[in-house]
Amino acid sequence: MLTAAKKSQRTPRMRKVLVLGATSGIAVAITRDLAQRGCELLLVARSERRLSDLKADLLLRGAGKVETYGADLASLSQHLGIFEFAHRSLPNFDTVLLAYGCMHDQNESENNIEVLLDEINVNFVSACALLTLAASILEPRRTGCIAAITSVAGDRGRRSNYTYGAAKGALSLFLQGLRSRLHAQGVKVVTIKPGPVQTSMTDHFAGAYRFARPEAVAHRIVDALERRSPDVLYTPWFWGPIMRVIRHVPEAVSKRMNW
Amino acid sequence: MSWGRYPRVKHEHVHRPAWNDQLGEILRSAPSASVLPYGLGRSYGDSCLNSGRRLIDCRRLNRFLAFDENRGVLRCESGATLSDIIDTSLPKGWFLPVTPGTSFVTVGGAIANDVHGKNHHRAGTFGGNVLGLGLERSDYGLVVCNAQQNSDMFSATVGGLGLTGLIAWADIQLKRVPGPWIEVEVVPFRSLEAFLDLSAESDVDFEYTVAWVDCFAGRDTRGILLRGNHSEEQRRFRAKRGPTVPFAFPNWILNSFVVKAFNACYFHSHCLRKKSSLAPYDSFFYPLDSIHHWNLMYGRHGFVQYQCVLPTASLDALKDLFDRIASSGMGSSLGVLKKFGSLPPSGMLSFPRPGLTLALDFAMRGRRTLALLETLDEIVRGAGGALYPAKDARMSPAMFESSFPNWRRFVPYIDPKMSSSFWRRVTETQC
Numbered sequence: 074m075l076t077a078a079k080k081s082q083r084t085p086r087m088r089k090v091l092v093l094g095a096t097s098g099i100a101v102a103i104t105r106d107l108a109q110r111g112c113e114l115l116l117v118a119r120s121e122r123r124l125s126d127l128k129a130d131l132l133l134r135g136a137g138k139v140e141t142y143g144a145d146l147a148s149l150s151q152h153l154g155i156f157e158f159a160h161r162s163l164p165n166f167d168t169v170l171l172a173y174g175c176m177h178d179q180n181e182s183e184n185n186i187e188v189l190l191d192e193i194n195v196n197f198v199s200a201c202a203l204l205t206l207a208a209s210i211l212e213p214r215r216t217g218c219i220a221a222i223t224s225v226a227g228d229r230g231r232r233s234n235y236t237y238g239a240a241k242g243a244l245s246l247f248l249q250g251l252r253s254r255l256h257a258q259g260v261k262v263v264t265i266k267p268g269p270v271q272t273s274m275t276d277h278f279a280g281a282y283r284f285a286r287p288e289a290v291a292h293r294i295v296d297a298l299e300r301r302s303p304d305v306l307y308t309p310w311f312w313g314p315i316m317r318v319i320r321h322v323p324e325a326v327s328k329r330m331n332w
Numbered sequence: 044m045s046w047g048r049y050p051r052v053k054h055e056h057v058h059r060p061a062w063n064d065q066l067g068e069i070l071r072s073a074p075s076a077s078v079l080p081y082g083l084g085r086s087y088g089d090s091c092l093n094s095g096r097r098l099i100d101c102r103r104l105n106r107f108l109a110f111d112e113n114r115g116v117l118r119c120e121s122g123a124t125l126s127d128i129i130d131t132s133l134p135k136g137w138f139l140p141v142t143p144g145t146s147f148v149t150v151g152g153a154i155a156n157d158v159h160g161k162n163h164h165r166a167g168t169f170g171g172n173v174l175g176l177g178l179e180r181s182d183y184g185l186v187v188c189n190a191q192q193n194s195d196m197f198s199a200t201v202g203g204l205g206l207t208g209l210i211a212w213a214d215i216q217l218k219r220v221p222g223p224w225i226e227v228e229v230v231p232f233r234s235l236e237a238f239l240d241l242s243a244e245s246d247v248d249f250e251y252t253v254a255w256v257d258c259f260a261g262r263d264t265r266g267i268l269l270r271g272n273h274s275e276e277q278r279r280f281r282a283k284r285g286p287t288v289p290f291a292f293p294n295w296i297l298n299s300f301v302v303k304a305f306n307a308c309y310f311h312s313h314c315l316r317k318k319s320s321l322a323p324y325d326s327f328f329y330p331l332d333s334i335h336h337w338n339l340m341y342g343r344h345g346f347v348q349y350q351c352v353l354p355t356a357s358l359d360a361l362k363d364l365f366d367r368i369a370s371s372g373m374g375s376s377l378g379v380l381k382k383f384g385s386l387p388p389s390g391m392l393s394f395p396r397p398g399l400t401l402a403l404d405f406a407m408r409g410r411r412t413l414a415l416l417e418t419l420d421e422i423v424r425g426a427g428g429a430l431y432p433a434k435d436a437r438m439s440p441a442m443f444e445s446s447f448p449n450w451r452r453f454v455p456y457i458d459p460k461m462s463s464s465f466w467r468r469v470t471e472t473q474c
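Residue numbers (the numbering used here), protein chains in the order written: chain X, 74 to 332; chain D, 44 to 474.
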């Protein structure tokens, strides 16, 4: 708490953050970090019950203000409502953090087209729609930050995980384009590429205990939002060099690898 | 693995719920006697393990749900840690009513083991300061229990080793404190009689008392009594971050020569130390928390902690214990002695009871260590004493029976889906 107070002294301007997918494992850790810095938050997720537990916790940990809105982010028809609510309850939000996603079993998405399309819809299609709406609000203000969590899995198509990887990789490309569109307007776009993190999304993997802790990843992400950040943030940091190598593995080799 | 790194067991599956609304489904879908809630794994033995079956890791359930700043009542989920509670409540002038020797435990674990602290003579146990809790059970769903409502389930859950259900939330009565500093006095003593006199005298004027004892000194043991009160000092302080033990030390490092030398240095350096000083709360309550993974110092095979309580009248039994330990040459440097107060126990299976409690670590050296502890058991049982389940990895069913003669009264409150390695070990032959 004391250290959090110190940090907030260093950053005079408290951010007002719209968190899309606030109950995901990484988002929970990020919102806690933001709360300890005194930020104001608008949390959007499907379960109102979870949102109300989260809200109570964040207020006790120092958040300046917490508003919640229950919506299914994968459903495009609910998107406008989110931004209307944001306009009423946190009108001056300056940061949008997109932190939801889903990962199905790769085999399942190969055998069931509905599963495949759901994975692409949640991770890519709905995310693009939300990011576009957010951009249309921040662009005329000529300030602010849009950050979205994609994945290192999006850097290379691999046999074990290519549906999820394709959706996240497409989202990374979308963010890249959005960044160059908004750069001139002074709106920052950050692509966050975490390696595997210990959350409910990865609990079923063997060796999950070796994955990064969500608190550590969240801390790095919030730091990046607060200070001057790179356009693309790998976290933990070592995934940057690792993915640089993996991206350069020749296709002739890659297609023979069981990864 | 628990904190003692002994025994080592494998679990069939570990559930990791992140929200309270997942608990019901996990319990309902579990086979009977298959699951056990798990916190930070700071129990020393197997009371937090469930060999071959399942654990429900509650660490992600660590939210604060409400805090009444006027009354100091905090409602939190079971995985909230004591260190987290202090970080949030201390700047507002509130502190834990009772705290064990580490802040790295969860609220659920503190209730399930009904932990005690240096202020047992004043404040009783942790469970005694819990105003109420919501217990998720496989058979009844969410049961709200407190002293008035479902009071029998409440007293079964406090000290109930996690077997009565999953704690979804708990209301804890915090305590007003002036600030983060403690006024500490250090008083050496050179016999158990001197310790008793000193302890009786200190309990009147000091909120916190605890003693370190040199277990190599035999029946005329020597030690240092630490006693303290909250200070009015308002100065800010920086929490200390100590080193991390990187890997399990080789077994020979903590040999009896090293420990004896350490104990002698420790005793004499404290004799020289200024009698009274000001200490931040973390170094007073949690001296070992600054060394992360200190349990690795005991080597690859881990260690067992032996904590017993003996009636104050049976001082000779305590002296016999010290004799036996000194002659075995297997003791360690972390011997802790404390006189419990006479408050009635909060739970059916609460360990603290009036008397003297002694806690000692023993590096695990296989049968030699276990044989020594068996002989200590005889002495404790002969004196009408008891062992602490949270610290235990090896007590016999008979020893459990004599420590907790009323345990059968607890059995009807066990959730049919729950069990633990410890519970099976100490009760299965007797059910």
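Hints listed in this document are in silico derivations from the structure and should not be mistaken for laboratory results.
Just so you know, not all the hints are guaranteed correct.
Claimed, not checked - Taking CB as the label site, the calculated pair distances span:
#1 R214(X) to G285(D): 54 to 60 Å
#2 Q249(X) to S75(D): 34 to 40 Å
#3 G230(X) to V57(D): 30 to 36 Å
#4 R231(X) to Q191(D): 57 to 63 Å
#5 R114(D) to H160(X): 35 to 41 Å
#6 R214(X) to R114(D): 56 to 62 Å
#7 H335(D) to S162(X): 50 to 56 Å
The C-beta atom is built at its ideal place from N, Cα and C for all residues, glycine as well.
Here is how each hint holds up against the structure:
1. A hinted range of 54 to 60 Å is violated for the C-beta pair R214(X) and G285(D), which are about 47 Å apart.
2. At about 54 Å, the CB distance of Q249(X) to S75(D) disagrees with the hint of 34 to 40 Å.
3. Separation of G230(X) from V57(D) is about 31 Å and conforms to the stated range, judged on CB atoms against 30 to 36 Å.
4. Restraint check, R231(X) to Q191(D): a C-beta distance of roughly 59 Å satisfies the suggested window 57 to 63 Å.
5. For the hinted restraint 35 to 41 Å between R114(D) and H160(X), the CB-CB distance of approximately 38 Å keeps it satisfied.
6. The hint said 56 to 62 Å for the Cβ distance between R214(X) and R114(D), and at roughly 44 Å that hint is violated.
7. Between H335(D) and S162(X), the C-beta spacing of about 42 Å breaks the proposed range 50 to 56 Å.
Checked against the numbered hints listed earlier, the structure breaks hints 1, 2, 6, 7; every other hint is satisfied.
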